[in-house]
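Chains as they are written, first to last, in the numbering used here: chain D, 18 to 115; chain S, 555 to 651; chain V, 6 to 202.
Think of the hints as simulated: they come from the structure by calculation, not from any bench.
Treat the hints with care, as some may be off.
Here are the simulated distance ranges between beta carbons [claimed, not checked]:
1) S:D636 with V:V30: 50 to 56 Å
2) D:G52 with V:A140: 25 to 31 Å
3) S:Q607 with D:G111: 35 to 41 Å
4) V:R70 with D:S78: 38 to 44 Å
Here the structure is a predicted model, which is why all the values come from computation and not from measurement.
Ideal Cβ placement from N, Cα and C applies to all residues, glycine included.
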Amino acid sequence: MGGLPGGPVERTEHDYADWERRVDALMALLSGVFGGERLMTVDELRKNIEALGPEAYDAMSYYERWVAAITQTMLQRGVITTEELARKMIEVEGRGGG
Amino acid sequence: MAAAEALFRPGERVRVMKAYPLGHVRTPYYIRGARGVIERLCGAFPNPEELAQMRDGLPARPLYRVRFLQREVWPDYRGGRDDAIEVEIFQHWLERA
Amino acid sequence: MSDLGRYRPLSYFQLMEVSLRELLVEKGVLSERQIDETVADMRARGPERGAKVVVRAWTDAGYKRRLLANGSAACEELGLDVPALRLVVVENTPEVHNVIVCTLCSCYPRTLLGLPPDWYKSRNYRSRVVREPRAVLAEFGTVLPAGVTIRVHDSTADMRYMVLPMRPAGTEGWDEERLAALVTRDSMIGVALPTAP
Numbered sequence: 018m019g020g021l022p023g024g025p026v027e028r029t030e031h032d033y034a035d036w037e038r039r040v041d042a043l044m045a046l047l048s049g050v051f052g053g054e055r056l057m058t059v060d061e062l063r064k065n066i067e068a069l070g071p072e073a074y075d076a077m078s079y080y081e082r083w084v085a086a087i088t089q090t091m092l093q094r095g096v097i098t099t100e101e102l103a104r105k106m107i108e109v110e111g112r113g114g115g
Numbered sequence: 555m556a557a558a559e560a561l562f563r564p565g566e567r568v569r570v571m572k573a574y575p576l577g578h579v580r581t582p583y584y585i586r587g588a589r590g591v592i593e594r595l596c597g598a599f600p601n602p603e604e605l606a607q608m609r610d611g612l613p614a615r616p617l618y619r620v621r622f623l624q625r626e627v628w629p630d631y632r633g634g635r636d637d638a639i640e641v642e643i644f645q646h647w648l649e650r651a
Numbered sequence: 006m007s008d009l010g011r012y013r014p015l016s017y018f019q020l021m022e023v024s025l026r027e028l029l030v031e032k033g034v035l036s037e038r039q040i041d042e043t044v045a046d047m048r049a050r051g052p053e054r055g056a057k058v059v060v061r062a063w064t065d066a067g068y069k070r071r072l073l074a075n076g077s078a079a080c081e082e083l084g085l086d087v088p089a090l091r092l093v094v095v096e097n098t099p100e101v102h103n104v105i106v107c108t109l110c111s112c113y114p115r116t117l118l119g120l121p122p123d124w125y126k127s128r129n130y131r132s133r134v135v136r137e138p139r140a141v142l143a144e145f146g147t148v149l150p151a152g153v154t155i156r157v158h159d160s161t162a163d164m165r166y167m168v169l170p171m172r173p174a175g176t177e178g179w180d181e182e183r184l185a186a187l188v189t190r191d192s193m194i195g196v197a198l199p200t201a202p
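Take the sequences, apply the hints, and build the full model.
Take a look at the structure:
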């Protein structure tokens, strides 16, 4: 991305939402930042973010890209399956949220 | 872990390979083909291109900080003559210049 | 988890976060407590930690040498734990001004300084600061004298960077606490200078 044309830097900052902090924490834990077993690498996170494609930058927020990429990595590594994820998402949605 | 031997020393002139392979690459597009100088050897690290593919990236590869003059990187650069950009680049992307 | 118990419809990705987390907990990969503790741990990390390092370097020449030689070890010397961080500290001088970016993603010395600001992760910052650093700095209100060399550091691999800004004039004899108040996060990224006294 370096050197591509761009507009002015928007200096607004948002305070991170709790779910975003949880995604960040999940990544730190899964990649072994604070010790503990390393179940994925930051390189896989980055590769899976790249795989979302260029439209993802506009369509998704930073931590949305992260949660998608972490989930893809867990699927690729066989920690979870697509079926498990589907069933869990239905269950969570049925409860009315977190 | 066995590390590949470091080929370059601080102060040596190097050129970044001008290649555009698929896969996960940590050598930015804007610096491919550019000429610079080794600023330091950072150490040896597992290859991120391989880590991204769920392999262990071993043996560790030498990683360098390379300094480039901005006026040599960007054709239209309008800044100081000595303005520089420093990028970390793995040995396998570098050739002696 | 402070937003539990408040009903709101979840977005697709928030739904995914909850689902992924619950699956991982059910499988024993991690626990809710670990996640809570990690969230709390990261909340406690902020730019004031970097400011401590900066002002120690301003007031202790030996520490500054050690900091420039091995950034992470120097942080730990002050009791600042920096897990997984390989820190390189680059020094601003009257001749050279440094600025940090990660053009490929948004690498930042998080375990020292906490989470980065949105703009640091933005496309516009990442694409433009490598090519026209002075113009980007000017948008932050930072104008450097014409003769100063600008050095941009793109953290493309395993190292993370922090700028050691120059100590402002007029601060002779100040104690570390007073000095630390001048050291802003943006001055440690390099888009700004420390606050003038």
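Tested hints:
{"no.": "1", "hint": "S:D636 with V:V30: 50 to 56 Å", "in the structure": "holds, 54 Å"}
{"no.": "2", "hint": "D:G52 with V:A140: 25 to 31 Å", "in the structure": "violated, 42 Å"}
{"no.": "3", "hint": "S:Q607 with D:G111: 35 to 41 Å", "in the structure": "holds, 37 Å"}
{"no.": "4", "hint": "V:R70 with D:S78: 38 to 44 Å", "in the structure": "holds, 42 Å"}
Consistency with the previously given hints fails for number 2 only.
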